[in-house]
Amino acid sequence: MNILFNIFLQSWHLLLEASVYILFGILVGGLLKIFISPATVARHLGKGRFTSVFKAALFGIPIPL
Amino acid sequence: MLPAAASIKKQGANNGATTAFLISTPESGVDSIAITYALLDPLMTVARPVAAFFTAITAGVIENLFHSENEINNRKMDLSCPVDGCCDGIGCSPDEHKRHHSFAEKIQAGLRFAITDIWGDLAGWFFIGILLAGLISALVPSQFFVDYLGGGFSSMLIMLALGIPLYICATASTPIAAAFILKGVSPGAALVFLLVGPATNITSLSVLFGLLGKRATAIYLLTLSVFAVLCGLILDQLYIGFAFSARAVAGQAAELIPFQGQLAGAVILFALSVKPVYENLKSFFNKSSHHHADCTACDSQSSSPFPIDKT
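Residue numbers (my numbering), protein chains in the order written: chain Z, 1 to 65; chain P, 1 to 311.
Every clue listed holds true.
Calculated lysine-lysine pairs in the DSBU-like style (CA-CA distance at most 30 Å, straight line): (1) P/K275 to P/K287; (2) Z/K33 to P/K106; (3) P/K282 to Z/K33.
None of these hints come from the bench; they were simulated from the model. Here the structure is a predicted model, which means the values were calculated and not measured.
Just need the whole structure built from these sequences, with the hints factored in.
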């Protein structure tokens, strides 16, 4: 029982540490989705053998999935 | 994750761009960057996206080098309105559409997307990650990992072997990595886990195989592994070079936030999690009872209990 309590206590500490940052992260992720139009993304990823790869890698960094 | 890649391919991206996107998207995101800053340290916060970026570019460029010609893509793009789907983007130009929604409406739509879609997909995984991390913190002796995972090439290989079959998203893997580091795993080895865990699992590799083919899957896996090990080794050197102890500073950023703020954040997170976790559990139990009823040999998806791949 003591061990179980300890596990939950450790998890709870991590949750407290992460909570505000997580909320911030999903909020920014949500706004990115709305403010970046799919047309822009599609236009950038279609053309160019190497620039398209560069842009795809860059676009992928902030997108939360 | 994979349906998103399938959709960017449909929207006209070539194989290399799709491969790059398939690596950088799961390995890093604003949510995982934020939680890395909270639970680990600034160096790791920068190292994750940078490593993901270079891995993605390399795999994508190698993939496209094998293509003698740029395939011409005339596939239909999905240009429909991201706010509420009010128009399909074909009948109305982007300039015209700009005036359809006010700024406040967009903010509201962004919030709704953050809560229902992003956190909806993430919540179940996040709590699994937090509980696993709690398990490691509470049960593993404090010097346990030092001998095998304290740094060096073999540490990286062990983490690679652990990370490739395991599927855990970038955000949920972060508390686990924090627990690892506190038990003596080197930051480089933790980075290998953070890079490879989210990017690969058995199911996703088989879907990738169908989407991009054998060669692209091999390039994907190989580039990912080589870069993860390389980045892990470099990162360990950086920590040594800066005389920076990952164990000592892990989680310091969280102390910037007063306890009341942390508590309020946790309460909000719980409130937002009730619905998605309930639905995850419901579909998980429905699926598993369905499995027992009329399917004997399809355990290929059992490694992912939650429908994280739906977006």
